[in-house]
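**Student:** The residues making up each chain are set out below.
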Amino acid sequence: MTDRQETWITGIGLISSLGEGLDAHWEALEQGRVNVDDKTFAPWLVHPLAPVTFDAQIPKKSDQRQMEALQRIGTYAAGLALESAGIKGKADLLARTDMIVASGGGERDVGVDAAIMTEMVASGAPSGLVNERLMHNLRPTLFLAQLPNLLAGNISIVHGVTGSSRTFMGEEEAGINAVRIAFARIAAGQSDIALVGGAYNSERLDLMLLYECAAALRREFAPVWQRGPAGGFAPGSAGVFLVIESRRHAEARGARPFARLAGAVAGHARRAPQETLTGTFEAMWRELGPREADAAIVTTATGAEPATAGERRFLEAHADVPVRGLGTRFGNTMEAQFPLAVAIGALSLSRGALFAPGDASGVERAASQAPAQVVAVCAGHWRGEGMALIERAK
Amino acid sequence: MAKFRDRAGRPIVVVTGMGLVTSLGAGKDDNWRRLIAGESGIRAITRFPTEGLKTRIAGTIDFVPAEPFSSAELSDRIAHLAAEEAVAEAAIGARGDFPGPLFLAVAPIEMEWSVRETLARASGASGDMTYAVLMRSAGNGRFGHYHERFMLGSVADHLARHFGTRGAPVSLSTACASGASAIQLGVEAIRRGETEAALCVASDGSVNAEALIRFSLLSALSTRNEPPQGASRPFSKDRDGFVMAEGAGALVLESLEAATARGAEILGVVAGCGEGTDSFHRTRSSPDAKPIIGCMENALTDAGFAAGRIDHINAHGTSTPENDKMECLGITAVFGERAASIPISSNKSMIGHTLSAAGAVEAIVSLLTLAHQRIPPTINHDIPDPAIPLDVVSNAARDARVTAVMSNSFGFGGQNVSLILTREPE
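Listed in order, the protein sequences are those of chains A and B.
Per the working numbering, the first sequence starts with residue 1, numbered consecutively.
Per the working numbering, the second sequence starts with residue 1001, numbered consecutively.
If you're looking for bench data, these hints aren't it; they were derived computationally from the structure.
Being a predicted model, the structure only gives us computed values, none of them experimental.
In this text, a Cβ means the ideal position worked out from N, Cα and C, and glycines have one as well.
Each hint should be verified, as a subset may be incorrect.
[To be verified] Below are the SDA-like pairs computed for lysine to any residue, each with C-alpha atoms no more than 20 Å apart in a straight line:
| id | chain 1 | residue 1 | chain 2 | residue 2 |
| --- | --- | --- | --- | --- |
| 1 | B | Lys1054 | A | Asn137 |
| 2 | A | Lys61 | B | Lys1054 |
| 3 | B | Lys1054 | A | Ala95 |
| 4 | A | Lys88 | B | Lys1054 |
| 5 | B | Lys1054 | A | Lys60 |
| 6 | B | Lys1054 | A | Asn131 |
| 7 | B | Lys1003 | A | Gly128 |
| 8 | A | Lys60 | B | His1281 |
| 9 | B | Lys1054 | A | Leu129 |
| 10 | B | Lys1054 | A | Met135 |
| 11 | B | Lys1054 | A | Lys90 |
| 12 | B | Lys1290 | A | Ala95 |
[Claimed, not checked] Listed next, with one range per pair, are the computed distances between beta-carbon atoms:
| id | chain 1 | residue 1 | chain 2 | residue 2 | range |
| --- | --- | --- | --- | --- | --- |
| 13 | B | Arg1136 | A | Gly228 | 47 to 55 Å |
| 14 | B | Pro1068 | A | Arg65 | 55 to 63 Å |
| 15 | B | Phe1004 | A | His318 | 36 to 44 Å |
| 16 | B | Gly1193 | A | Ala230 | 40 to 48 Å |
| 17 | A | Ala360 | B | Glu1148 | 29 to 37 Å |
| 18 | B | Lys1290 | A | Glu27 | 43 to 51 Å |
| 19 | A | Gly228 | B | Thr1118 | 54 to 62 Å |
| 20 | A | Lys90 | B | Ala1306 | 50 to 58 Å |
| 21 | B | Thr1118 | A | Gly128 | 13 to 21 Å |
| 22 | B | Arg1262 | A | His318 | 35 to 43 Å |
| 23 | B | Val1064 | A | Arg270 | 24 to 32 Å |
| 24 | B | Gly1127 | A | Gly352 | 57 to 65 Å |
[Stated by the list, open to error] According to the in silico footprint, chain A covers these stretches of chain B (three or more CB under 8 Å from chain A):
| id | region |
| --- | --- |
| 25 | 1114-1120 |
| 26 | 1147-1156 |
| 27 | 1167-1177 |
| 28 | 1253-1265 |
Bound-form chain A, shown alone (with noise of 0.2 Å):
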């Protein structure tokens, strides 16, 4: 195997609740911004996403006819992180960019769901009932919507990304190995360059009624580190992208790096005791090795119990190293979530300095100076647990 490569970020593409692009982002988490619509889904709470322009990435309107919100969302955001790593429309490279995307799937037609309920339920559900309404309700190409490694097949089609194209499933710990495994491919040589990342539609009652079975959605708007016991989340919807490349492979084409991905790594932990949780962040944090004096924490914690609790634990005892939390300002992004703390942290490294904190409850405190490391940490509100480590790039 060859030497272990040095891996740069050099791409970020970023579309949330908060807006799109880096400047809007910056602007928005230094102005503690929080974007949740509590009345749409009342008296759920979701972080919908900021008005977007599709066309500026997505420019044929029968490609975006072909796709549901998840896809679009995540289309758009490889396209702002392709163009920020100066390498859209380079065919040659496209042609041998790698991609790991997390993406869930699904999208339903809730109208044509509800009608079937609606009958089911008046009806007695006769036989044949459901075959009869789907067959002639359902739209072809909504199939197309609904599998979950469409969209890495529509940035293929839309970005010409073609090297090679994984998908990855399994909510937030769909995120965490998206970008874990892209890293270590670089780092061991077998990949060059790599698009990797997730979106998440928020708004979409068939997904919110599955968190809602474990009644993990929160009701009332509180920032995260005060949503007592019970906790909760708010889904929230994000594209984020970023291109990972081994510094050679940067360096030879000119490109500039927002900052060094030196470590990614991941956990699976049984979630009670709660402990369990903290253990698995404190041998996580141990793999990423020795941390400089001006390093920080951007965490996704999201108010999802009882891992906002356990990740809460394992902050305490690091409690001389500055924390930025994105759940209060984001929401659940999940399979986005995990590449959402990547970027910010990156962001947060190029701009030399971590945006204010959001926080009265304690959690969040004033940084006097400019961090040198981030890591970037994420519990999903099921399973998986994530960090890496992202350093300034000398």
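Assemble the complex: chain A is given as a structure, and chain B must be docked to it using the hints.
**Tutor:** Just chain B, lined up with the frame of chain A:
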């Protein structure tokens, strides 16, 4: 030392355990016997009403209990069965303590109609049943098990817990290439030196009414319902679509060095993996077959093999008009004049298209082919398609000298993966 590494200096990756469940039965021995006999696992669907549907057949697995029934539950059960067989054969680690990570190719998990119906009825509401109505009954504490069951990562979580695999399990989908991608991820992890072993599992239990209808609306399925066994006809002139099927395959991969050190029996070698991503269309292959050609060539390059080394192709061979034509075009371009004389066969003629599982299921059949030096037939090959001038192993198994197999898997979304499997490390 050197003999444990391939030409590129990477650890050689071998297979030391395999498990298989298809509509033909559970266990690789039973499956092999039936495959060689040319038996079909395709039958009329009895799991749900099929009235009014154009396609009423599938390769369902009805002999594995999965209660309460859902595609997620069945995918979970058959994945466990296959992995149990593979881990037992490899005799690796301790029970519940597998010394490596899990890579799982799995059908996308979704909430199903039976669940919606239960939640709708539990709401006690009448009139319009919207998701908002269901939401009100969902959070009452009685339905927490639905959350876990229908998380996309749940099957992998259950497998990881049961087998004690290391680290975070990976659930993946590359559509109909998923099973091959799971193997590829395992191979890469071993080559990186991250682990000495990996458990690669692929599972698909998704024959339910809605899934069948979705494929049907894309006109992808065979509608030749009578007799069911005759519906899957890869490379035949009168093929009219694929047959949905269920299945699971599991492989224990190890570095040759670790397998040798513990005296494990080596069942075969994953010599190479190749990918080729197609940006032409969401469901159709590029008409010039370039991505498929690139995929097969990448696999050969990865293995360090000239095309001449391949003496059998385990085809993707779905029995759709488009796939079989494009696969033939790709093979012809890669293998040139030899293309017409390399025995090729499609397991899908007998077990249908096991979708997310197919890449692993067919890799296992390829390894069994190498072990037995006998190629399973492509059944229903009664009227060869004159536009496919390949050496299809028609209707009866064939004894052959097989040293290196190419196993192809192509999927929606431009996903193509080819694996190269051999008998002996070299």
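**Student:** With reference to the structure, classify each hint as holding or not holding.
**Tutor:** Hint-by-hint comparison with the structure:
1. B:Lys1054 to A:Asn137: Holds, at roughly 15 Å.
2. A:Lys61 to B:Lys1054: Given that 20 Å is the threshold and the Cα spacing comes to 32 Å, the pair is violated.
3. B:Lys1054 to A:Ala95: Distance of about 40 Å is beyond 20 Å: violated.
4. A:Lys88 to B:Lys1054: violated, 44 Å
5. B:Lys1054 to A:Lys60: Measuring from Cα to Cα gives roughly 34 Å; hence the hint is violated.
6. B:Lys1054 to A:Asn131: Holds, because 11 Å separates the two Cα atoms, which is no more than 20 Å.
7. B:Lys1003 to A:Gly128: violated, 61 Å
8. A:Lys60 to B:His1281: Given that 20 Å is the threshold and the Cα spacing comes to 14 Å, the pair holds.
9. B:Lys1054 to A:Leu129: Holds - the C-alpha atoms of Leu129 (chain A) and Lys1054 (chain B) are around 15 Å apart, at most 20 Å.
10. B:Lys1054 to A:Met135: holds, 10 Å
11. B:Lys1054 to A:Lys90: Distance of about 45 Å is beyond 20 Å: violated.
12. B:Lys1290 to A:Ala95: Satisfied, since the Cα-Cα distance of roughly 12 Å is no more than 20 Å.
13. B:Arg1136 to A:Gly228: 47 to 55 Å: Between Arg1136 (chain B) and Gly228 (chain A), where Cβ atoms are some 22 Å apart, the hint is violated.
14. B:Pro1068 to A:Arg65: 55 to 63 Å: violated, 37 Å
15. B:Phe1004 to A:His318: 36 to 44 Å: holds, 42 Å
16. B:Gly1193 to A:Ala230: 40 to 48 Å: holds, 45 Å
17. A:Ala360 to B:Glu1148: 29 to 37 Å: Hint holds: Cβ distance 35 Å, inside 29 to 37 Å.
18. B:Lys1290 to A:Glu27: 43 to 51 Å: holds, 44 Å
19. A:Gly228 to B:Thr1118: 54 to 62 Å: violated, 31 Å
20. A:Lys90 to B:Ala1306: 50 to 58 Å: violated, 32 Å
21. B:Thr1118 to A:Gly128: 13 to 21 Å: Between Thr1118 (chain B) and Gly128 (chain A), where Cβ atoms are some 19 Å apart, the hint holds.
22. B:Arg1262 to A:His318: 35 to 43 Å: holds, 40 Å
23. B:Val1064 to A:Arg270: 24 to 32 Å: Roughly 27 Å apart at Cβ, these two residues keep to the hinted range, so it holds.
24. B:Gly1127 to A:Gly352: 57 to 65 Å: holds, 58 Å
25. 1114-1120: holds (count 4)
26. 1147-1156: With 7 residues close enough to chain A, the hint holds.
27. 1167-1177: Per the Cβ count (9), the hint holds.
28. 1253-1265: violated (count 0)
Hints 2, 3, 4, 5, 7, 11, 13, 14, 19, 20 and 28, counting from the list given before, are not met by this structure.
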